[in-house]
Amino acid sequence: DSGVTQTPKHLITATGQRVTLRCSPRSGDLSVYWYQQSLDQGLQFLIQYYNGEERAKGNILERFSAQQFPDLHSELNLSSLELGDSALYFCASSEQGRETQYFGPGTRLLVL
Amino acid sequence: GESVGLHLPTLSVQEGDNSIINCAYSNSASDYFIWYKQESGKGPQFIIDIRSNMDKRQGQRVTVLLNKTVKHLSLQIAATQPGDSAVYFCAENINSGNTPLVFGKGTRLSVIA
Chain A
18 DSGVTQTPKH LITATGQRVT LRCSPRSGDL SVYWYQQSLD QGLQFLIQYY
68 NGEERAKGNI LERFSAQQFP DLHSELNLSS LELGDSALYF CASSEQGRET
118 QYFGPGTRLL VL
Chain B
169 GESVGLHLPT LSVQEGDNSI INCAYSNSAS DYFIWYKQES GKGPQFIIDI
219 RSNMDKRQGQ RVTVLLNKTV KHLSLQIAAT QPGDSAVYFC AENINSGNTP
269 LVFGKGTRLS VIA
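Quick note, the sequences are listed as chains A and B, same order. So for the first sequence, our numbering puts the first residue at 18; every next one is plus one. So for the second sequence, our numbering puts the first residue at 169; every next one is plus one.
Worth flagging that the hints you see were computed from the coordinates, not collected in a lab. The model shown is predicted, which means the values in this text are computed figures rather than measured ones. Ideal Cβ positions, reconstructed from N, Cα and C, are used throughout, including at glycine.
Listed below are the simulated DSS-like cross-link pairs for lysine-lysine, each with C-alpha atoms no more than 25 Å apart in a straight line:
| no. | chain 1 | residue 1 | chain 2 | residue 2 |
| --- | --- | --- | --- | --- |
| 1 | B | Lys210 | A | Lys26 |
| 2 | A | Lys74 | B | Lys273 |
| 3 | B | Lys273 | A | Lys26 |
Beta-carbon label-pair distances, calculated as ranges:
| no. | chain 1 | residue 1 | chain 2 | residue 2 | range |
| --- | --- | --- | --- | --- | --- |
| 4 | A | Thr32 | B | Gln249 | 40 to 48 Å |
| 5 | B | Ser220 | A | Asp18 | 27 to 35 Å |
| 6 | A | Gln113 | B | Thr237 | 26 to 34 Å |
| 7 | B | Gly227 | A | Thr22 | 24 to 32 Å |
| 8 | A | Gly75 | B | Val238 | 21 to 29 Å |
| 9 | B | Asn221 | A | Arg80 | 39 to 47 Å |
| 10 | A | Asp18 | B | Gly227 | 13 to 21 Å |
| 11 | A | Ile29 | B | Glu207 | 20 to 28 Å |
| 12 | B | Lys210 | A | Thr30 | 16 to 24 Å |
| 13 | B | Asp199 | A | Glu71 | 18 to 26 Å |
| 14 | B | Ile280 | A | Ser97 | 42 to 50 Å |
Could you build all of it, start to finish, from the sequences and the hints given here?
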């Protein structure tokens with residue numbers, strides 16, 4: 018158990034809908050990262066937050082957004098969903114000044 | 169595009185043998201490298217990491233080797249066990265500190281009992 022939690026574990030929805038994925042980092046970790054993993058692919062970085070502020074942006078679609086709250090949990094919002102958005106979405110966290118990222122169990126999103 | 173890649177997409181080894189998983193990276197400025205293990209249906213699990221000022225680092229049954237001359241990283245697993253069956257990813261950190269990792273596509277390790 019990495020200490021990073023994600024909810025929900027599974028999500029099934031329809032095209033055009035909007036969903037919110039939630040992540041709680043390890044206790045004390047200020048950085049939260051979101052990654053997308055499509056079938057048999059590596060992890061693609063989406064976005065990073067550090068202590069409530071956006072720190073870095075990767076290949077994140079404009080239909081996607083995220084935020085980090087004062088209690089450091091983070092939410093990833095996916096809107097106008099398309100079939101191709103079906104994937105595993107992982108959240109990771111790291112300590113201040115440390116590169117090692119610890120991953121949550123992921124949310125499996127299926128868009129029908 | 170990605171700057172980290174893997175030589176072999178799949179690797180099958182006999183139980184008890186040693187496994188070697190390779191990874192190439194293209195960014196010579198990368199100063200931190202990490203290996204993750206991902207079992208089916210689970211999130212990536214930290215295995216071992218190494219900084220660019222080191223050539224070798226050992227953990228429990230695992231060793232990471234870094235060859236900066238040819239920009240190559242490898243993960244060695246000693247006495248491979250069925251529980252080692254998983255997909256292994258290497259990743260690099262191009263900038264120091266809390267910055268995103270760049271992942272390779274992964275190698276699937278299958279252990280034959």
